[in-house]
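Asker: These are the residues of each chain, in order.
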Amino acid sequence: MARVLLSGALRRHAGGRAELAIEARTYRELLAALEARFPGIASLIEGRTSLAIDGEIIADPLLETIPPRSEIHFVPRVAGG
Amino acid sequence: MSDGAEGARKFRWVGTRPVRPDGVDKVTGRARYGADLALPGMLWGRVLRSPHAHARILAIDASRALAMEGVKAVVSAEDLPEIRSEQAFVGEGPTDFRDLSHNVMARGKVLYHGHAVAAVAATSAELAERALAGIDVEYEVLPAVLDLDAALAPDAPLLHEDLVTKGVNPPPQRASNVAERVEMGHGDVEAGLARADVVVEREFTTRPVHQGYIEPHAALAEIGEDGRATIWCSSQGHFMVRAYTAKLLGMELSSIRVIPAEIGGGFGGKTTVYLEPVATLLARKSGRPVKMVMSREEVFRATGPTSGTRIRVKMGCTRDGRLTGADAHLEYEAGAFPGSPVTAGAMTIFAPYDVADVRIVGLDVVLNTPKVAAYRAPGAPMAAFAAESAVDELARRIDLDPIEFRLRNAAREGVQAPYGPRFKRIGHVETLEAARAHPHYRAPLLPNQGRGVASGFWFNAGLQSSADVHINEDGSVVVTSGNPDIGGSRASLAILAAEELGIDYARVSPIVADTSQVAYSDLTGGSRVTFATGMAVVEAARSVVRQLRERAAAIWEVDLDDVEWRDGAARLRAGAGREPLGLAELAARAARTGGPLAGHASLTARGVGAAFGTHICDVEVDPETGSVRVVRYTAVQDAGRAIHPSYVEGQMQGGVAQGIGWALNEEYLFDADGVMQNPGFLDYRMPVASDLPMIDAVIVEVPNPGHPYGVRGVGEVPIVPPIPAVANAIHDATGVRMRELPMSPPRVLEALEREG
Amino acid sequence: MRATRYAAPDSVGDAVALLAGAAGRGRVLAGGSDLLVQMRAGRIEAELVVDVKRIERMTTLSHDARGFRIGAAVCGAALAEDALLARAWPGVVEAVQLIGSSQIQGRASLGGNLCNASPAADGVPALVTAGARCVVAGPAGEREVEASQVATGPGETSLSAGEILVEVLLPDPPPRCADAYLRMTPRSEMDIAVVGAAARVWLDERGRCSAARVALGSVGPTVREVHAADAILAGGALDDAALARLAGAARDATAPIDDLRGSARYRTRVAGVLARRATLIAYARARERR
Amino acid sequence: MKHHVSTTINGDAAEFLCEPGALLLDVLRDVLGLIGTKEGCGSGDCGACSILLDGRLVCACLVLAAEAEGARIETVEGLARDGELHPLQRRFLEDAALQCGVCTPGFLVAAKALLDRNPDPTEEEARYWLAGNLCRCTGYDKIVRAVLEAAAEMRGEVR
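Chains as they are written, first to last, in my numbering: chain A, 1 to 81; chain B, 1 to 756; chain C, 1 to 290; chain D, 1 to 159.
Okay, the calculated beta carbon distance ranges per label pair: (1) B:Asp673 <-> D:Gly83: 52 to 58 Å; (2) D:Glu125 <-> C:Arg66: 30 to 36 Å; (3) A:Glu46 <-> B:Gln517: 29 to 35 Å.
Within a straight-line C-alpha distance of at most 27 Å, the following computed DSSO-like cross-link-like pairs (lysine-lysine) qualify: (4) B:Lys166 <-> B:Lys314; (5) B:Lys166 <-> B:Lys109; (6) B:Lys10 <-> B:Lys424; (7) D:Lys2 <-> B:Lys72; (8) B:Lys72 <-> B:Lys109; (9) C:Lys53 <-> D:Lys2.
Read the hints as simulated data drawn from the structure, not as lab findings. Each residue gets a CB set at the ideal place from its N, CA and C atoms; glycine is no exception.
Build the full structure now, drawing on both the sequences and the hints.
Answerer: This is the structure in structure tokens:
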């Protein structure tokens with residue numbers, strides 16, 4: 001079970017929920033589960049955010065595994081200078 | 001072998017200050033930058049730029065130009081394939097290829113004064129320049145949108161008829177000049193601010209400023225009859241140039257080879273393309289190599305400054321200095337196309353602090369000024385100006401030392417960042433403590449002098465890097481990477497290779513290879529090269545060490561596990577019985593023991609370490625003229641581990657100088673028609689040597705567990721604190737709070753008269 | 001950059017003849033730090049460029065009983081290296097040294113500074129308070145003109161087509177007399193004066209101010225002299241009250257514009273400040289010459 | 001009508017043809033191949049094209065090529081002698097006084113001109129003399145230190 005915390009546009013897309021408990025062992029399972037509960041949310045996540053697992057930010061999380069009881073955030077992608 | 005980040009292992013090369021291997025060419029004038037390259041039969045290209053800030057292009061007629069002396073080709077948007085809007089992540093950040101194409105060559109509309117409309121190639125620069133007058137363009141001039149209020153007005157003229165604000169749910173019905181709305185934060189900011197004993201609510205404005213690299217953009221392109229193109233150019237990433245040029249021209253990646261020249265400074269401004277696609281197009285159309293070099297005026301008018309901004313912050317704290325709530329509203333000017341760094345500004349504005357209830361909303365606003373490009377910690381310095389000024393005001397309101405106030409709120413490991421995740425191991429507390437302990441913080445001040453403090457944050461980047469480590473037959477080493485070396489990164493990579501292989505730094509030759517000679521590498525920027533490419537070099541070197549141990553084990557006919565690599569030689573763990581085999585000896589026998597010795601690594605760097613800096617600035621203000629002089633400056637920054645301390649200090653000192661220029665005198669001045677009035681180094685006032693004191697760069701090392709040597713990126717943090725540090729120093733000297741940049745003498749004098 | 005002809009005569013006469021032949025489309029090149037910038041930017045077209053740096057008289061700085069004779073093409077760096085001139089006219093020399101960077105100092109000349117006729121010219125206010133005169137040569141021979149009368153407006157001079165400014169003449173200063181120049185620029189170097197102020201003070205035997213001249217740059221189409229300065233300062237002690245009145249007179253003498261380098265209001269206010277400060281420096285220097 | 005110019009560059013005789021309006025910077029770089037002198041602005045405001053003309057420090061972008069007739073020109077390529085770097089060049093390397101390096105040739109020529117005149121400059125004298133050379137990477141700190149240390153070395157006070 002992963003603790004998924006949402007804010008901003010994602011939170012509003014999820015009906016204002018700031019925190020969700022999602023059963024997922026990989027990033028792709030997590031995305032599918034979120035899309036199932038809140039259709040359209042995946043388009044706001046995939047390719048536009050990085051995945052943060054317990055504070056580590058992963059820019060390309062396609063094959064990422066989600067450890068149990070980890071804290072998940074979707075962080076906007078930004079460019080450096 | 002490295003012991004990871006925490007151990008106090010004695011390094012032989014890491015932390016020393018050897019001379020950079022590419023240095024001799026740079027001090028003798030032999031190093032070749034973008035404009036220093038030439039080919040036989042080469043033509044010169046020049047760009048025709050829009051005289052209007054906003055106009056529809058009705059017709060382009062180049063017939064007169066084509067008939068002029070020496071003219072060989074003219075191109076415009078018609079020569080570029082039409083690209084549908086496609087958000088892409090090539091390297092650094094979000095890039096929309098349709099917008100990129102329209103910025104490289106205007107299609108349908110010109111969106112800022114200086115926007116490229118057409119280009120001509122001729123047998124000399126003068127003839128090409130003259131031929132521009134032979135290109136007749138028919139415009140339908142449109143009303144220009146030149147500031148945030150004009151852009152946000154309900155009836156504002158629209159730059160892009162199809163621009164609907166992203167990040168709004170449900171999406172707005174009408175198009176507008178707001179490209180995106182971002183929102184982030186956690187907790188309940190109203191409740192947080194209600195708990196505060198003291199609340200400060202202020203508005204800050206800043207102007208567009210330019211990266212100011214001394215080398216104008218330059219490119220030389222050649223394309224063979226087989227359609228294979230070679231581009232020589234100075235950029236922050238030649239793989240980015242290849243990818244963008246291929247996309248814009250509809251060419252295969254494999255038919256473009258980009259060879260990096262030395263780069264004369266970038267600071268983010270050369271993380272995109274302006275000339276390369278145009279030069280390649282002109283070369284294809286004329287059948288001859290084409291060289292294009294921008295004038296300084298073109299660099300100002302037509303290459304990315306960073307955003308002008310308007311930022312409102314509201315911050316509250318308890319009487320004993322604990323932040324309870326922070327709210328910010330950011331409006332960033334994107335220029336002609338979407339893509340301001342408002343998201344990074346929103347993510348960084350309160351990042352140095354542990355605030356339970358925080359909300360940040362940001363707008364990315366287009367207007368008829370040059371399209372912005374990345375500028376060192378993009379979006380963060382303006383946001384720090386607002387937040388760190390407000391923090392300074394809160395500290396004074398409760399009479400608490402500004403560093404003590406920051407220590408009571410400093411983000412640390414486990415604290416939730418405003419942009420979501422909890423921080424891993426970070427060094428903000430350590431930089432604050434080092435600043436407070438520094439003699440500068442207690443030094444006496446003279447009349448009309450004041451002292452300001454500010455902290456700054458940047459995420460730093462990982463992204464993709466590749467590196468090869470080859471062992472020559474004599475045991476000398478070649479380190480190949482795909483990252484242009486702007487700030488001495490060749491030296492850092494050579495240090496890491498020498499450390500891993502246990503050999504003398506002088507026997508390592510670091511090479512910046514072109515796109516056909518090394519695997520894909522993301523660009524030099526985002527403070528990532530020593531971190532990510534360094535990681536690739538370490539991994540490649542370790543794979544070579546494994547091969548060396550295998551060769552020694554084979555020669556000694558022992559198990560691999562019995563052989564260790566230490567101080568540049570294979571040694572039998574069991575000790576006696578075998579003379580160590582050094583790198584030179586193993587290299588000499590490579591042919592007979594399996595072949596050349598070479599290691600490679602290509603990776604997406606993980607374990608990026610965010611970094612913090614805390615700066616102390618003393619200024620002297622002339623109360624009668626408003627002129628502000630920086631008389632002392634100390635920058636403290638967490639580098640995780642300084643691989644080559646001189647170049648870490650150099651990044652800190654350079655970032656401080658750019659921050660001070662941004663704070664005091666740099667700004668884009670536009671007239672009523674959106675024409676920049678000061679496109680040159682006389683009236684665009686960057687700091688000169690006599691404007692600045694020595695800059696004391698103090699390196700703090702809180703190792704980053706995610707890197708084999710504990711490295712954190714250092715390039716971008718140092719530009720974040722200077723603006724608020726200068727502003728807070730001016731307040732300390734005069735009692736006046738400056739909230740508008742630049743803090744030039746007229747503005748300071750006006751503020752002194754108003755409030756002083 | 002188009003200039004179809006370049007000539008480098010070695011006499012004033014040849015230079016004048018060349019200019020006359022170009023019928024108004026010729027330009028004099030001394031240091032070139034203004035001319036070449038404007039030609040590159042297309043603001044000036046020159047069919048003929050007459051380089052005067054091979055004319056002995058225009059590149060020589062000499063001194064005799066009548067004072068200093070400064071060739072119009074002598075560069076700022078050379079002026080600053082002349083110890084006699086620097087001691088006699090510290091204000092003029094420090095003004096010249098503020099014209100551009102070390103690199104510009106290796107080229108820029110007093111003649112160029114005068115003839116470029118920029119309202120912000122750093123050299124001219126100090127030449128005005130020094131009472132400098134210029135020798136102008138043309139088809140009709142040579143004439144002298146007050147330095148203050150050379151520029152007539154932004155980019156315009158009183159020289160007729162075909163005339164060349166050959167030399168700048170500076171008298172030897174009387175005893176107990178000294179000058180000073182200050183300017184306001186956002187950067188400490190490499191900048192165009194937002195306001196410039198030159199001051200010159202004469203003292204009597206008892207060290208009291210007996211006469212004064214103050215002139216301002218960048219606050220009008222040409223240099224503005226503060227004619228009331230002498231009346232305000234002469235005969236009195238240089239006390240705060242007198243200096244405040246001087247600052248007021250300086251503000252009144254300004255007719256500035258708003259431009260990208262400064263607002264009219266800011267220029268007026270700072271003109272008063274710099275006039276006072278320059279006067280105090282000149283006064284201190286004059287007292288050292290007792 | 002092209003000008004034939006004969007001049008001396010870094011101690012060697014040199015000849016070239018140039019248009020009357022041609023700039024010395026462009027001839028040095030594009031005709032004579034001396035690419036060490038850089039163009040940063042073309043208006044005398046950045047110092048990247050600093051050279052010595054008859055011993056005077058000037059911007060090559062503000063000198064007509066025709067003016068070089070009979071002159072003595074020194075560029076960055078002439079600083080090192082007989083395979084030995086000039087003390088300034090060595091100090092810039094040892095003190096990491098350059099990052100991107102595009103302003104370095106201009107700074108080295110300007111610093112040489114300074115030390116020719118003033119072998120023992122103060123920090124402030126060095127900063128004001130070098131104010132005509134813009135650098136955006138270093139913040140000037142290490143450049144000024146390198147110049148002062150090279151000056152001390154050339155006075156025989158150290159090393």
